[in-house]
Structures are given as structure tokens and as C-alpha cells.
Amino acid sequence: MTFEFTARQILALLVPAGQGLRNQRHKAGKGELFRILLFASITLAFGLLVFGGFYRLLLYIGRFSEFTAPLTHQILDTVSTFVLTVLFASSVITALSVHYLSDDLSLLVSSPVPLPALHASRLIMTAVQSSWMVLLFSVPIYSAFAVTAPAPWQFLLAVAIGLPPLMVIATAVGSMVTSMLMAVFPARRVREMLILLGALFVVLLVFLIRVQQPEKLLNPRSIYDVTEFFTSFRSPTSPMLPSSWTTSLLIAGRRAEPLLTLPLVLLWSTAAASVVMSSWLARGIYLRGYTSAQESRPARLSSLPFIDRPLEALAGVFEPRFRSLLLKDVRTFIRDSTQWSQLLLLLALVVVYLYNFSVLPSNFTFATFFLQNLFSFLNLGLAGFVLSAVAVRFVFPSISAEGRAFWIVRSSPLTTSQFLWSKFWTSVPPLLVLSQVLTWASNHFLGASAFMTVLSAVTILLITFGIVGLGVGLGAAFPKFKFENVTQIAGSAGGLIYMIAASTFVAAVLFFEAFPAYFYLSAQYRGVPLDSRAMMIIGGAMTIVVLLNILAVWLPMRWGGRRLAAMEI
Amino acid sequence: MIRLTGVDKRYGARDAVKGLSLHVPAGELFGFLGPNGAGKTTTIKMIAGLLKPTAGDIFLAGHNLQSEPVKAKAALGFIPDRPFLYEKLSATEFLRFVAGIYGFDGNGLEGRIDELLELVELIHVRSELIESFSHGMKQRLVMAAAFVHQPRVLVVDEPMVGLDPKGARLIKRVFREYCDQGNTVFVSTHTLEVAQALCDRIGIIVNGSLVACGTMDELQSRAETQQHDLEQIFLKLTGGEGFKEVQDSSD
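As you go down the protein sequences, you meet chains A and B in turn.
Per the working numbering, the first sequence runs over residues 1 to 569.
Per the working numbering, the second sequence runs over residues 1001 to 1251.
Chain B with its partners taken away, still in its complex shape (with noise of 0.2 Å):
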């Protein structure tokens, strides 16, 4: 469903990313994780084409992100970090508004978007303007607005920040949820016991260069360590002296 081939995103003199191959399939949950400056919020807007890559290809659903990009951006969903809306529209018309530019119409989209708009607890809210709503509500209306299309892949930066724990937990099922019935999620995250509740496949990102991609087990044969917490094993492959200074006063 996702897949990348050798991108690379240079600013001047600087590689933000660099060589970067990745394939997630169909069904699979794909946590993404890195320190910060690492490249993940590069790469996941690359991915939904915020960003043109200096070099490599994307794929998504099986179209060439440059190339395709209609066809490529039609199965997308995305969910950035920060909710920045049009605010002077209310709930239900924002959503009305995304169905549109992906050419949704009509049948059965007022039923869709109350659906939704219940799902992520806005149902009571959907005449109001957006300006008027909280962080939190704002980024559950932009979770609502990246389904409304019924995407096939979705892609999410940082999807706890500014969420309550019940609005997390929501997110949390919503995208198991929807990787079982066969879609792909793609998410990056520096909640590293959501990445390991919830993610069939952990990719660690270092300095722009992925170091490390697999499931836990995986990641945890990779670290060589025994211990089974993703803390200690992202500390021991991303950290190098960093995370001698965390083992050191930890001993």
C-alpha cells in the first residue's frame, strides 16, 4: 500500500532524509518513530505530498506519488500534528467541504458525515464554527475529516498531541479497527507505548537514515538486548552516547 524507494530530501547542504526504502502492505499498522529533527515529519509529508522528494519515489495504493498524484492522493488520508482548519466553517461543513474536493457527492455522504461526526464525539457540535472549538476537538474533526473519503491508506503525524486520554483511546481503536478490514495505517508517534500496543511493524528513523524496521521482536533481536520495552530498545538503537547518559544514571 506504501512503499518507498530510495528518497532522499536535502535542504541546501542538508540531508533531511536520505536513502530512505520502506514498503508497509496492506492491513499493517506502521509505527514510525525518531528522535526529534530525525526526518519523520519530512518523510510523512513527503508521503502526502506537502513536501516533492529531492530524489526516490512513493507509492501509494499502487501510484506513483509524482506521476499519479490524483490518483495517488484519491486513496490517501492524512492527519497532521498541528489542526489547522478553515475556521469560519462549521463542523458538518468542513466535512461536507473535504468530500467534495476528493469528489464525494450525494448518495449517502450526510449519513457518512453524521456518522463520523459521532464517532469522534462531535455530534453535538456539528453546527458550530470550527474557530470555536478546542486543540483537541479540532484534531478529532481532522481524524473525522481524513475518513470521510474512505481512504486506503492513512497516514498520521503525532496523533496523541492535544488528545484526552478517552479521545486516545478512541484513536487507538479506530485505527486497529481500520487496518483489519485491510487498509494501511502509517503513523508517527514519540508515544512509545501506543507505537508498541498498537503497530504490527516499528521503522526507526536516526539522522534521516531508517536504522531499524521490524516488529518487536525484531527490533529487539536487532538491539541485541533482552529486555521487551520499546523504551530501551529505541534508546539503544537511536541513542549511541545518549544512551549511555540515560543507562549511567538509571545504574
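Extracted from the complex, chain A is given alone in its bound form (with noise of 0.2 Å):
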């Protein structure tokens, strides 16, 4: 490889990534539009929700004049380091694949492209594609700012000269640490350090960001607080941050005061030598991190005693065929990092959820009756779409997981029945015991009266059942065989339908069990027996939910079972 290179070769290596975006816009099908209609609501919903939060937090602190500026000066700061971070942490990820595991690369270094030219254009492709989503939900951040601030327009040019230079610091600092990994570590266990570390950074934020109980914030009486919170909460400023150049910039322009010259030298010029340094370590030892991400690895000891016999000795109750796909299934799920790295971020959310009842205010107890069985009804709603959340993650891409080797159970003598209740009672005893967990765990918290919580565990009972049949049935209707990584088949088309038909199944149990809890807790408030009207009414009731719960199963799977055996692999 040289080492001279042109503007020209950098442009010609970004052609092709431009033009596949082009194709696949122009081919996109129906499927493919829903998706991105759908995407785009909830971006845009999402947006306006941030949007909204922001505005009325900053309007609500520009009331206490003495505090409004270093309260604003802290948010600020606390967003660029947080997009700092985030974009750091994105980078690291996606020069990865970028730099080091895309398919184009082998006919790329084997031809005569200089290597700078290579490089910046890769620089170039992961800076897009690891800042792209991060500025998208940054501009309702700082539209809010915007909109609050007495310059308007010249906080938006602060921002959009003292972002770029983030973006760019982000990214060559990131594609660097990726660079030093893959010279030392093999290319497969790089990967699997940097999912596991990504799913721990992302645990820790949502941690961080609620044990620090932000709902604080919503309270008129803790003003004073407040200034704690932030206080407490403040990341680790430091006048070397690029983030902090960045604050500097944007309060100067928020305040319609002069930019200043100082922190604008120091990002741009800072970029400038991020990008230097990074094509000057590319020259040295790109080529040993990408042999190394060409070699086979022998594989490490592959079965782990302790889990693999108990595994076996449990599965060995079942017949041939359903143990060994569960087999499978199991062992491929703890040893793909991919896989097992987001049971940390359920773990993260299960704990958050019952952190939320735990923390609720301690007069709760006293409040009435009514508002408690309230609450654990809503509640029971709550975990139902908690749920749903996990078996997009976990349940719908089951049939998707089996990926290009799906062609080994289908030339087997296994129906696409047998394969997919498989899938359904591989499923459904996790999904049980977080469904348990969930609702006797927080009606505990809750203090809700012993019928409401028993009536929540046989409800979810229930809705785990038809969750799971959803799951499994939309997902064997909505297979994507062909994938980089699980987690990508969760956001499919079918990943959002199956949220759209999971959230409705969900709201559609908890309208015809209204009917039975509010005619039960009706009559104990009342301290009467249920009449026979009443008791038929509650009886009708549970039979349509029943039924509901069993047309959840039944209905997708073999929905989802037909268009399975339909289809031509």
C-alpha cells in the first residue's frame, strides 16, 4: 500500500456507500416504507417529548433568576458530555465493523488504494454512522435551548460550529481505540468486549440517571433541590473536555454574547490533530489489526461443566426432538455475547421497575382504596408492556436466530408445528417467573389488597402465554434470516408490528378485566355481597379475557406457522 493520496480517492471510496443507500430507497417495498413511517412517528413523538421536557424545565428555572445561570451552564454541560460520551462509545462499536469486518474490505486493501485514503474514508462512513441517530435526538435538546434563549440564532450557529468538531474528536479517538484493540486482542474477542462493555455503559446510565430521581425535578417545593440534583449528578467536568469547549461556546452564544475564540481554536484545531493522529496510527498498525480480524481463532473451551450438565440432566426429561432443539437454543444464547449481554439490560430494567414502587412516596399506604387498587391494576398494564419490551427482544427473533442454518430443520423430518411450540415452551417458563416476579414484587410495594394481586399473577399468567404465542407466530410470519447481529431483528418491520399487536393484546385483556375488578372492589367498598348481575357480568368477563388469551396463541401460530411452511429458503 502507498501512502500518497488524494481528495479524489477519498471521494471515489465513499461513492459505493452512497449509492447503496440510493438502491435500497429505490427498492424499497411496502414493508420497508411502513417501517420508516413508523420509525419516524415515534422519532418525531419521541422528539416533541424531549422537546416539551426541556423547554418546561428551562422556562421553570429561568423563574429563580439567581439560580438560572449555573443551572443552565450545568445542563448543558451535562448534554455535550453526555453526547460526548455516547458518541464516543458509538464510535468505538461501529469502527469496528467498519474499519475491520465489512465485506468490501478484502478487495479494498488488496487493491492499490492508498492507505490514508482508505482510512479517511472509513473515518468518514463511521462518523456517520455513529452520530447520525445521537444529533438526530440532539436537535430537540437544543431547540429547546434555542427557543428559551434571548439569541436564538446565535446559539444555533454556536451549536452548529461547536458540535461538528465534537463529532469529528468522537470519532477518531473512538476508530483509534478500536485500532489499539485489534493490534493486541483477536478480532472476535474485540467484539465481544465491546458488546458486554456497550450493554454495561448503557445499565450504568440508566442507573445513574434514576437513582438520581429526576421526577424530583417536577416538584415546585424542591427548587432547592434541585441545584443538589445537579450538583450531585454533575459528570466530572474538566476544562481539557472538548465538551466543556463546546458549553463554553454555547452559553457564550445562548447569552448573545461574543463567541469566543479560545474554546473555537481549541476544537476545531483539536479535531484537526484527532484526525492526524489517527491516520498516523492507521499507517502503523491498521494492516496487523486487519490480518488479525482475518485469522480463526481456535475456538475456547466450548462447553462449561457446571452449566452444560444440569442443562442436559433437565433436558433429558423431554423427548429427542424438543431437547435438542432446546439444547441448542440454550447454548447458543450464553455463548453468543450479543445474546446474553442484553439479559444486563433487562436486569437493569427489572430493577428500575421495582426501584419506581419501591421509592414511591412513603404516605402512599394511606392513600384510598380506591387509588391503590388503581395503581395496581395500571400496573398490571405496566408489566404487561414490560414484557411485551423483553419478547421483542428475546421471543420474536427466536425463529429469525436460526439464521442461514434454518435450512437444517427445514430438510429435517420436523414439521414447522413441532418447530415452532418448540420455540413457544423454550419461552415461556423465563418469561413466567419475570412476569411473577414483577407483579408480586411491586403489588407488594404497592401494599394492593390480596384480591388485586392475586387477580394481577393470574392475569399475567395469562398474558405471558399469549405474549409469547404472539412472539413466536409473528416472528415465524416476519422471519429475517439474513443478519449481522440478533439484535437487529428486534427493530425489523415485524419487530414493530409484533409491538403494535403486543401492546393491543395488552390493553385489550386489561379493558374486560376492568369489569371484574371494578364490580369486586365496587361491592367490598362498599361492604356488600356481588349480586347475580353483577357475578355475570364478572363471569362473562373472564371468559373473553380467556379467550382472548388463548386467540393470542393460537391465532399467530398458526398464522405465523403457514407463512413459515410457505416459505422458499
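Because the hints were derived from the structure by calculation, they are not lab data.
Do not take every clue at face value.
Result set (SDA-like, lysine to any residue): computed pairs, CA atoms no more than 25 Å apart in a straight line [unchecked claim]:
| hint | chain 1 | residue 1 | chain 2 | residue 2 |
| --- | --- | --- | --- | --- |
| 1 | B | Lys-1088 | A | Gln-294 |
| 2 | B | Lys-1088 | A | Val-317 |
| 3 | B | Lys-1088 | A | Thr-338 |
| 4 | B | Lys-1088 | A | Arg-309 |
| 5 | B | Lys-1088 | A | Arg-393 |
| 6 | B | Lys-1071 | B | Gln-1150 |
| 7 | B | Lys-1052 | A | Thr-415 |
| 8 | B | Lys-1052 | A | Arg-404 |
| 9 | B | Lys-1166 | B | Glu-1177 |
| 10 | B | Lys-1088 | A | Leu-314 |
| 11 | B | Lys-1088 | A | Val-184 |
| 12 | B | Lys-1088 | A | Thr-426 |
| 13 | B | Lys-1071 | A | Ile-569 |
| 14 | A | Lys-482 | B | Gly-1012 |
| 15 | B | Lys-1088 | A | Pro-310 |
| 16 | B | Lys-1052 | A | Gln-418 |
| 17 | A | Lys-482 | B | Arg-1082 |
| 18 | B | Lys-1052 | A | Ala-477 |
| 19 | B | Lys-1088 | A | Phe-306 |
| 20 | B | Lys-1018 | A | Ala-566 |
| 21 | A | Lys-482 | B | Val-1161 |
| 22 | B | Lys-1088 | A | Phe-322 |
Hints in hand, dock the two standalone chains.
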């Protein structure tokens, strides 16, 4: 490889990526368009929510003149640090696939393309791929700051010149970290390590935000606590961090003061220096890392006796076909870091969920009988939604997770129905445990009545079957056997359809469940026994709830089975 | 053992396979040849149950693949051209899995798995995860998996792709011995010397239709040539204008 290069060479290397995007847009079918529209709607709704939240917060802070300046500074600094951190983490992970694992690299590395040109083009791709989402979600935040600023346009100008260098620095430093890791560790190990670190990062972020109890901000009496809140939540601000330079620029812009030269120079010169350093490093170690990515390393010890023995003993009671599928699915799950690392996110979700109930005001238990039971009932809906969110990650992808090895099942004498029911029964037990833990524990924290606790437990038991049936059935109806990473499956058009279907199903169950709950609790409250009319309504509603759950299992399983059987691979 | 009657496969307006009728009896090693895009892989995938024929019937060991798929597939072993496997399983676990989904269990299974791994020379990596295997090693493992449930019919798409000469020789020997035991092998290949040396009969498919089928002698007479070289016969039966070009250039 040579080291002299021109801008035209970099451009030429970027053309295929652009053309690929264009071609993808041209051949986008109805499903793809639906997915894009749905994604755009969700993004817009989320953006408006974020904008609304920040707008309200800034207006609120503006009422306390003595706190306005330091608080705004602190919030902006937190946002900048958050943007820099997320961009950096995202760049490290993106750089791995863009610089080392892309299929087209074998063609490019073997061609006479100068290494710096290749590196520069990959750096641009990494920057675009790793930052578009962060930048998209920062738009409503900065818009809220702009709208509440004395000089909105000057603030936006500060964002326009202060944010891009932050993105460049994060990308260049992130790809340098990846290059160094690649030069030292085998590619597979680096990938697993980064996925694990990514998951831990998200878990940490969730805990960090949640334990600070940001809901205190909505309490008008707690403005004096807010300063304390931000003091404790303060990011490790340092004048050496590029995010603090961006913050200085943004503060000046927001106050309609002249934009400071020093932070601007520091930002852009650091961005340029980090790109040069990244290119210089690539000259030295890129090929070593790329070679390591091509080598297949001997696998580690494939079986862990303390997991394998109990697993095989447990599976031993089943007939051979189900046992084989069960063992294969569990082993694949625990050996694939892209799959098991999601359990960390699940754990964080459960802890935060239960924590929310445990920190309810201590006088909550003195709330009215009606309110207490209403909350318990609404909690059922929340648990159903959490269960759907978990199922879209673990149950819906279970069919697609077969990947391109699905031909093995398809050419075997295993029927589609046996295959789907095996996936169903493999998914039910873990989700049942999760749903029961969520329901019993949250009802305990709520101090719900015995009736509501039992009703919730029975309902969530039924809902779990329905959600798993929907997940396996729709997963079979919308399989995606070609994927790079199993986590992509949940974000497919089928995944979104599943979420809509599962949420509708939970809402429908709750709607019919409301009748028995209302009649029973009213009778309890008034201290009178249930009359025959109420009994009939309760019986009818409960029958409908059971029927709904049977249909939620049977219909999607049947439809998905037919679609999968008719599918040609 | 394998019978196809009037099998069609259409993709929109395009006929990938047209009225294909074929019978491969027990104990025969049948070679299926054709130029690129002739319909070989489509036919193989239909026999393996991965694609559904638009018309016609496929019988495996006397069972109709459409109406008795479980019985038909139980008699089938399939080796695809690209070995996509469950990468997070070890070689032994993978073979146990395949045996399990064919309903095989317990009695003598572990011994059979060891025997097969020995045969395909993967016994030393039996506990390694498949993700660390090379293409050729994966191809050998697929071959072992195809034999684990002792099928009566073996369907193979491009068996030599990714194999080293030793592996290729192993495959030839295994296929021949397997047929000599009264089983059937249906093999699609581009490697004409393999087909010529190995197959009892050869079928040639062009544009989705079977243009010739028979022993080497029968194909020779069909092609009206004295040359006993499958390449020449193949080019003559499939080539048309292409064959003339090859002839002219060699002249």
C-alpha cells in the first residue's frame, strides 16, 4: 500500500456507500416504507416529548433568577458530556465493523488504494454511522435551549460550529481505540468485549439517571434540591474535556455574547489533530489489526460443565426432538455475547421497575382504597408492556435466530408446527418467572389488596402465554434469516408490528379485566356481596379474557406456521 | 428411491425448471450437470424440501414429499453447497442436534458420532466451536451430519466446493461405498471429471429441461460423438453456439 492520496480517491471510496443507500431507497417495498414511516413517527413523538421536557424545565429554571445561569450552564455541560460520551462509545463499536469487518475490505485492502485514503473514507463512514442518531436526538434538546434563549439564532450558530468538531474528535479517538484493541486482541474477542462494554455502559447510564430521581424536578417545592441534584449528578467537568469547550461556546451563544475564540480554536484544532493522529496510527497498525480480523482463532473451551450438566439433565426428560432444539437454543444463547449481554439490560429494567415502586412516597399506603387498587391495576398494564418489550428482544427473534442454518430444520422431518411449539415452550418458563416476580414484588411495594395481587398474578400468567404466542407466531410470519447481529431482528418491520400487536393485546385484556375488578372492588368498598348481575358480568368478562389469550396464542402460531411453511429459502 | 414426475418451478414469468421427470433407483450414484442458471440448485432444493414445486410430484424412498413430508424427509440426507451451520455449537453437539431432530437418541449414537467424526477427520476438533472451522471443515461436518441418521437417499449440491484434494477423495470413496450398500446419491456438480469417474448415470439440464440422461455410453451416442470425454459431450449437448465457439477456438 502507498501513502500518497488525493481527496478524489476518498470520494471515490465513499461513492459505493452512497449508491447503496440510493438503491436501497429505490427498491424499498411497502414493508420497508411502513417501517420508515413508523420509525419517523416514533422519532417525532419522542423528539416532541424531549423538546417539551427541556422547554418546560428551562422555563421553570428561568423563574429563579439567582439559579438560572449556573443551572443552565450545568445542564448544557451535562448534555455536551453526554453527547461526547455516547458518540465516543458508538464510534468505538462502529469502527470495528467499518474499519475491520466489512465484506468489501478484502477487495479494497488488496487493491492499490493508498492506506490514508482508505482510512479517511472509513473514518467518514464511522462518523456518519455512529453519530446520526445522537445528533438527531440532540436536535429537540438544543431547539429547546434556542427557543428559550435571548438570541436563538446566535445559539444555533454556536451549535453549528461547536458540535461538528465534537463529533470528529469522538470518531477519531474512538477509531484509534478500536485500532489499538485490534492490534492486540483477536477480532472475535474485541467484538465480544465491546458488546459487553456497550451493554454495561447503557446499564450504568440507566442506573445513574434513575437513582438521581429526576422526577424531583417536577416537584415545585424542590427547587432548592435541584441545585443539589445537579451538583450530585454533575458530570466530571474538566477544562481539558472538549465537551466543556463546546459548552463555553454554547453558553456565550445563548447569552448573545460574542463567541469565544479560544474554545473555538481548541475544538477545531483538536479535531484536526485527532484526525491526523488517527491517520498516523492507522499507517502503523491498521494492517496488523486487519490481518488479525481475518484469522480464525481456535475456539475456547466450548462447554462449561457447571452449566452443561444441569442443562442436559433437565433436558433429558423431554423427547429427542424438543430436547435437541432446547439444548441448541440455550447453548447458542449463552455462548453468543450479542444475545446474553441483553440480559444485563433486562436486569437493569427489572431493578429500575421495582425501584420505582419502592421509592413511592411513604404516605402512599395511606392513599384511598380505590387509588391503591387502581394503581395495582395500572401496574398490570405496565408489567404487560414491559413483558412485550422483553419478548420483542428474546421471543420474537427466536425464529430468525436460526439464521442461514434454517435449512437444517427445514430439510429435516421436523414439522413447522413442532418447531414453533418447541420455541414457544422454550420461551414461556423464563418469561413466566419474570412476569410473576414483577407482579408480586410491585404489588407488595404498592400494598395492594390480596384480591388485586391474585388477580394480577393470574392475569399476567395468561398474558405471558399470549405474548409468547404472539412473539413466536409473528416471528415466524416475519422471519429475517439474514442478519449481522441478532439484536437487529427486534428493530425490523415485523418487530414493530409485534410491539403494536402485543400492546393492543395487553390493552384489550385490561379493558375486559376492568369489569370484574370494578364490580368486586365496589362491592368490597360498600361492604355488600356481589349480586347475580355483577356475577354474570364478571363471569362473561373473565371468559372473554381467557378466550383473548387463547386466540393470542392460537391465531399467530397458526398464521406464522403457515407463512413459514410456505416460505422458500 | 428418487422419483420426479413432471416437476415445474416458476418464478413469476420465468420457468426455472420445466416438466422434469426422473427416476434414480436404489444403489445408483446419479450426477446432475448443467451450465450456470440451468436449474440444478432449484431442483436440488426442491428435492430437499426447501422449495415447493409449482407443479409435479417428488417421491423419496416411495413417499411423496408434498403429502408425506415427514416420512420423505426422514429418508433424506442433504448436503448444500454452502455450509451454514449453528456456529456456537461444537462439532459433537451439532451432530447430536441433527440426530435429535431426526428422532435418533441414545442407543449407539455417541459411538456413531465418533465414527463419523473420525471418517471426516474432525475427531481432533470435536469439542471446538464450529465458528472456528474453515470452510472445508464445515463442509466435512455437514457431510457427517447428512449421514448421522443413516438416510437412504443423499442429495448433494456441489460436493467439491471448498474441499482440499484429500477431502475430495474422501467424498468420492464415501459416496461410492454408500451406494454399494443399496442407497442412492443424487449429486449436482460442475466438476465433470468427478461426474465421469464417479457417477453411474448422468443427467444434463439446460434452461430448466432435462436434455439428456443416461450412462456415459448413452450420452456419447446421444451427442453423436466418438469422444469419450464428458467435457466434449457436455459442451455439445448444452452448448449450441457456445460449443461452436469452443470448437473454433480449439481448432
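For this session: Go through the numbered hints given earlier and state which of them the structure violates, listing their numbers in rising order.
Result: Those not satisfied: there are none.
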